[in-house]
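Residue numbers (our numbering), protein chains in the order written: chain L, 1 to 201; chain U, 1 to 201.
Hints should not be assumed to be uniformly reliable.
Copies of the same chain are indistinguishable here, so a pair counts whether it falls within one copy or spans any two.
Result set (DSS-like, lysine-lysine): computed pairs, CA atoms no more than 27 Å apart in a straight line [to be verified]:
(1) Lys-70 / Lys-23
(2) Lys-23 / Lys-41
(3) Lys-51 / Lys-41
If you are wondering where the hints come from, they were derived from the structure by calculation, not from laboratory data.
Residues per chain, in single letters:
Number of protein chains: 2
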Amino acid sequence: MTQASSIQRLLNEFERLPGIGPKSAQRIVYWLLNRDPSQVKNLAEAIIDVKDTVRFCNRCFNYAEGELCKICADTQIGKRDAALICVVSEPRDITAIERTGEFNGSYHVLGGAISPMDGIGPDDLTIKELLHRLDAEKTAEVLLATNPNVEGETTAIYLSRLIKPLEVKVTRLASGLPVGGDLEFADEISLGRAIESRYEL
Amino acid sequence: MTQASSIQRLLNEFERLPGIGPKSAQRIVYWLLNRDPSQVKNLAEAIIDVKDTVRFCNRCFNYAEGELCKICADTQIGKRDAALICVVSEPRDITAIERTGEFNGSYHVLGGAISPMDGIGPDDLTIKELLHRLDAEKTAEVLLATNPNVEGETTAIYLSRLIKPLEVKVTRLASGLPVGGDLEFADEISLGRAIESRYEL
Chain L
1 MTQASSIQRL LNEFERLPGI GPKSAQRIVY WLLNRDPSQV KNLAEAIIDV
51 KDTVRFCNRC FNYAEGELCK ICADTQIGKR DAALICVVSE PRDITAIERT
101 GEFNGSYHVL GGAISPMDGI GPDDLTIKEL LHRLDAEKTA EVLLATNPNV
151 EGETTAIYLS RLIKPLEVKV TRLASGLPVG GDLEFADEIS LGRAIESRYE
201 L
Chain U
1 MTQASSIQRL LNEFERLPGI GPKSAQRIVY WLLNRDPSQV KNLAEAIIDV
51 KDTVRFCNRC FNYAEGELCK ICADTQIGKR DAALICVVSE PRDITAIERT
101 GEFNGSYHVL GGAISPMDGI GPDDLTIKEL LHRLDAEKTA EVLLATNPNV
151 EGETTAIYLS RLIKPLEVKV TRLASGLPVG GDLEFADEIS LGRAIESRYE
201 L
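This is chain L alone, in the form it adopts within the complex (with noise of 0.2 Å):
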């Protein structure tokens, strides 16, 4: 190893991060030390800070900086739908379905889905919450946003069996082929479900 210590220690954290190989690390690590001090700090900062401050949302189990989220305080305030509950698994999810612009309900985070292979049941998810929210605030709609694979439909079958007795609105994202792509290199569950749900124009 000819590298100093503290950057090798660098690479080697960067290095662990999703997505980033050796040559990325080492790239932003070149960067880094070719920054002003202030600058490199700045990110050192904002790291530490975003543990520090980030916490769930006693609402809907987003990450917030109060009691409630950003989309949560929203809510409240009437800017958003409240009788419109989307349902999903992770917060990264509400980031892509926020990027649409489509939808100004608000949310509920399962915290994953139920998938017995690796031990997460009903339980662990955050389900009774979900539960208690339908019951008080008077839900019109849930959109069950879970992921189109076996956890997330598994996870959406359970919830619509569970709510429907509740007389709320159950609905799913639609399947079907991805806007832009090609039928030849749609794969043929996608393609099957596009032709299942077919629509009459």
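We have chain L; now place chain U onto it with these hints.
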């Protein structure tokens, strides 16, 4: 913006790093949010530590933690050839050369390359210090390993003119086809160099 502000701040900091786009930044930040606080602190501390402890080697201007970098320290105790100096533009070039395992001399980092367009002249590089070393260390050979581009070639020609009169052997990295590459996809300059530098079998 529906993101907690400390998360947004960290996203912005990561997006500023080279090779990290919005999606990679998001992946890293959510990964960090799920980690143990101590693990995350390690990363932040390693970042601060590297800026606090890393300086330039007194002899070769590589990154170092003490007076001398690890390579110069090894050279001083006779583990590396002190009479052979490889001249590079940046410390990261040392890492690339060390990775080959083909070189066992010492290095000299210029801190850039001559580039009139960017206003970088010979006086902005550590050329004076290099000439001083050649004199003090009784150097037998200088291998010019600046990049094979306009600035690197200019710097190599400039240095060879300075050093040759001192009766020190001056060599340059060979140019040619990258090993494992296809003739079909080789750029014409590299292929031209490969023909020019052809050798007898």
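A quick look at each hint next to the structure:
no.: 1; hint: Lys-70 / Lys-23; in the structure: between (37 Å within a copy, 21 Å between copies)
no.: 2; hint: Lys-23 / Lys-41; in the structure: both (23 Å within a copy, 23 Å between copies)
no.: 3; hint: Lys-51 / Lys-41; in the structure: both (16 Å within a copy, 9 Å between copies)
The structure fails none of the hints (numbered hints given earlier).
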